[in-house]
Amino acid sequence: MNIVVCVKQIPDPATPGELDPESHTLKREGKLILDESDSYGVEMALQLADKAGGGEVTLVSMAPNNEVSGLRTALAMGAAKAILISDDALRGSDALSTAKVLAKAVERAGDVDLVLTATESTDGYSGTIPEQIAELLGWPSLTFAKHIEIGDGKATIQRQTEAGYDVVEASLPAVVSVTAGVVEPRYPSFKGIMAAKNKPVDEVKVADLGLGADQVGWAGARQKIVDVRAAPAREAGEKIEDEGDAHEKIVAFLEQLKVI
Amino acid sequence: MGLSKVWVYAEADGDKPATSTLELLTKARELGDAVECVFVGANADALAGALGEHGATKVHTVDNGDVLAGVIGAAALAKLVEAEQPDLVLFAQTYDGRDALGRLSVKLDRPVLTNGVDLKLDGDKPIVGTAIFGGNTLVDTELEGEKPYLAAIRPKSFAAEPSGGAAAAVVAVEAVDAGRAAEAKVLERHVEEREGPKLEEAPVVVSGGRGLGSAEAYEPLVEELAKLLKGASGASRAIVDAGWVPYAKQVGQTGKTVKPKVYVALGISGATQHLVGMKGSDNIVAINKDSEAPIFSVADLGVVGDVHKVVPKLIEALKAHG
Ligand SMILES: Cc1cc2nc3c(=O)[nH]c(=O)nc-3n(C[C@H](O)[C@H](O)[C@H](O)COP(=O)(O)OP(=O)(O)OC[C@H]3O[C@@H](n4cnc5c(N)ncnc54)[C@H](O)[C@@H]3O)c2cc1C
Ligand SMILES: Nc1ncnc2c1ncn2[C@@H]1O[C@H](COP(=O)(O)O)[C@@H](O)[C@H]1O
Chain A
1 MNIVVCVKQI PDPATPGELD PESHTLKREG KLILDESDSY GVEMALQLAD KAGGGEVTLV
61 SMAPNNEVSG LRTALAMGAA KAILISDDAL RGSDALSTAK VLAKAVERAG DVDLVLTATE
121 STDGYSGTIP EQIAELLGWP SLTFAKHIEI GDGKATIQRQ TEAGYDVVEA SLPAVVSVTA
181 GVVEPRYPSF KGIMAAKNKP VDEVKVADLG LGADQVGWAG ARQKIVDVRA APAREAGEKI
241 EDEGDAHEKI VAFLEQLKVI
Chain B
1 MGLSKVWVYA EADGDKPATS TLELLTKARE LGDAVECVFV GANADALAGA LGEHGATKVH
61 TVDNGDVLAG VIGAAALAKL VEAEQPDLVL FAQTYDGRDA LGRLSVKLDR PVLTNGVDLK
121 LDGDKPIVGT AIFGGNTLVD TELEGEKPYL AAIRPKSFAA EPSGGAAAAV VAVEAVDAGR
181 AAEAKVLERH VEEREGPKLE EAPVVVSGGR GLGSAEAYEP LVEELAKLLK GASGASRAIV
241 DAGWVPYAKQ VGQTGKTVKP KVYVALGISG ATQHLVGMKG SDNIVAINKD SEAPIFSVAD
301 LGVVGDVHKV VPKLIEALKA HG
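Those protein sequence lines, which keep their order, are chains A and B. Under my numbering, think of the first position of the first sequence as 1, with each following residue one higher. Under my numbering, think of the first position of the second sequence as 1, with each following residue one higher.
Distance windows between CB atoms, simulated:
hint: 1; chain 1: A; residue 1: P200; chain 2: B; residue 2: T57; range: 53 to 63 Å
hint: 2; chain 1: B; residue 1: E188; chain 2: A; residue 2: Q215; range: 35 to 45 Å
hint: 3; chain 1: B; residue 1: E219; chain 2: A; residue 2: I225; range: 41 to 51 Å
hint: 4; chain 1: B; residue 1: P220; chain 2: A; residue 2: N198; range: 48 to 58 Å
hint: 5; chain 1: A; residue 1: K27; chain 2: B; residue 2: D45; range: 50 to 60 Å
hint: 6; chain 1: B; residue 1: D63; chain 2: A; residue 2: E18; range: 42 to 52 Å
hint: 7; chain 1: B; residue 1: K198; chain 2: A; residue 2: V167; range: 22 to 32 Å
hint: 8; chain 1: A; residue 1: A52; chain 2: B; residue 2: H321; range: 54 to 64 Å
hint: 9; chain 1: A; residue 1: N198; chain 2: B; residue 2: E188; range: 42 to 52 Å
hint: 10; chain 1: A; residue 1: N65; chain 2: B; residue 2: G243; range: 36 to 46 Å
Each computed BS3-like pair below joins lysine-lysine, with the alpha-carbon atoms no more than 30 Å apart:
hint: 11; chain 1: A; residue 1: K197; chain 2: A; residue 2: K31
hint: 12; chain 1: B; residue 1: K107; chain 2: A; residue 2: K146
hint: 13; chain 1: A; residue 1: K205; chain 2: A; residue 2: K224
hint: 14; chain 1: A; residue 1: K249; chain 2: B; residue 2: K313
hint: 15; chain 1: A; residue 1: K154; chain 2: B; residue 2: K185
Below, a sample of chain A positions facing chain B; criterion: calculated Cβ distance under 10 Å:
hint: 16; residue: L142
hint: 17; residue: A231
hint: 18; residue: E241
hint: 19; residue: E248
hint: 20; residue: K249
hint: 21; residue: L254
Calculated directly from the structure, the hints in this document are not laboratory data. Ideal Cβ positions, reconstructed from N, Cα and C, are used throughout, including at glycine.
Between the sequences and the hints, there should be enough to build the whole structure, so can you do that?
Here it is in structure tokens:
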């Protein structure tokens, strides 16, 4: 079973985000790391390939400046190889353009049974890319999976819903988006980290994928940021130390609000 | 100048329209001369009254049978858009809304803006407001290019208000072909039990976080307090991912947005992704043993203390209060 995992490489979420003063888009220069949300997809893919008794896990990532740090992390976990799309023409790409690039990269990967993504990325969280990739490929998609089984040429998942979950199935090839916590991502071993250094990364440009420069980047986005401002701040109120009587203060507060 | 036709991708909550749908209709009325819905499901007739009351004159409907709703929604919309030419199609940022929107954007080759918390017009171009960096920064983005424009708005961004319109006319959409995508079939539905009001609609929300210490503490502290305050119980993502409580309880960026009269946070640090889902509450009470916890920066009443000490006493006091 051959699986492609879409993995986004993002600025470390622990450092405060910043907007580029000119383009008003997120600054994504400097070192990028594997989006934690995608580590679940990588782990899931490795487990599914293992269970199927073979097949390859290929990573697909679109990132600026030929960034590979996040890919190396996922390769160290056990993925076999990666396709990296990095091109100045991609600057400013929106969700749809990104999906076009990722779908083309999946086609480039060749004989694929399953594409895994996260339900949303940590820094962009548009949350539409999995469905867009599926539609571009003409495949069924199973979204918001919190559990996956593969068998008989089908994927069966538990799909998160407002009320609980649904059991949903589709035939392969298909796209599945997985929620955080679906599996416990492994830590790369020392051996894995060493091996990852020599695993193949196929670096491609937009033109290699047969896409025109007008379909991606700023040109493809067809939207413009017209205003950026600070949100009205919420003022902190009273802060008290509990001396054994804090509950009385809370009761008084709730009474004053007429909640009790 | 407004828009002539605004569409809302309607969703149901049992035999009623979802609150998020009514919120979108209320906004759509403000932006467009004509407001219509597209609904995927078997019970459009049951919804037509409430949809009309909130401004929809028509509901285009298609029954998806056991096929994943968004797949059929996108195929139906793609077909209808061509014939009916709406200027703007609005979706709620929900599971099925996102599925339908993603696929439709490809079918029509239109960009999408998602996670909207505000919506206005610049002439006949929609401007979608989003909140980033934990809600500290607001960004307005204008959609350009050809119509229809597509956007998804987070539930609870607008208040739902009836306009008193007559029931919407129900119009069935002829068979739609979604191709291989329609192979995604729902086999079973599992509904998790819930007591009391819905999380997004409750006047009081009590949420618990990792500071509870264990899954066992959730029921006697969080649920009990929520019950006494006639509210709903919620959670941080930390304890959802840990499997202590179901995902349906998660408040925040990847969970629900809540705006109750009172939000009580027990043992929650106040990460930006949590704050963005509850900062709009009228009043916030937080109990956390770390006086530096970021949750205190938004709390109207902050208690630096141990949830295991303060909450049992609070519960006793509320029981005595009657
Ligand atoms: C893409 C993305 C999306 C996310 N979406 C969400 C989301 O939707 N919702 C969400 O909540 N999070 C979300 N997160 C996670 C978020 O960043 C935090 O990790 C999470 O909110 C932390 O949960 P917590 O406050 O329960 O745990 P912690 O951060 O571990 O905080 C526990 C708190 O409990 C306090 N405490 C410990 N013991 C006690 C005690 N006995 N009494 C009182 N206080 C005590 C501690 O001082 C601490 O402040 C998201 C993260 C990412 C990357
Ligand atoms: N640049 C990218 N490279 C690889 N995968 C991506 C990229 N952007 C988004 N994805 C995948 O699509 C998912 C949803 O992204 P988003 O729509 O941005 O929330 C992510 O969690 C990734 O799995």
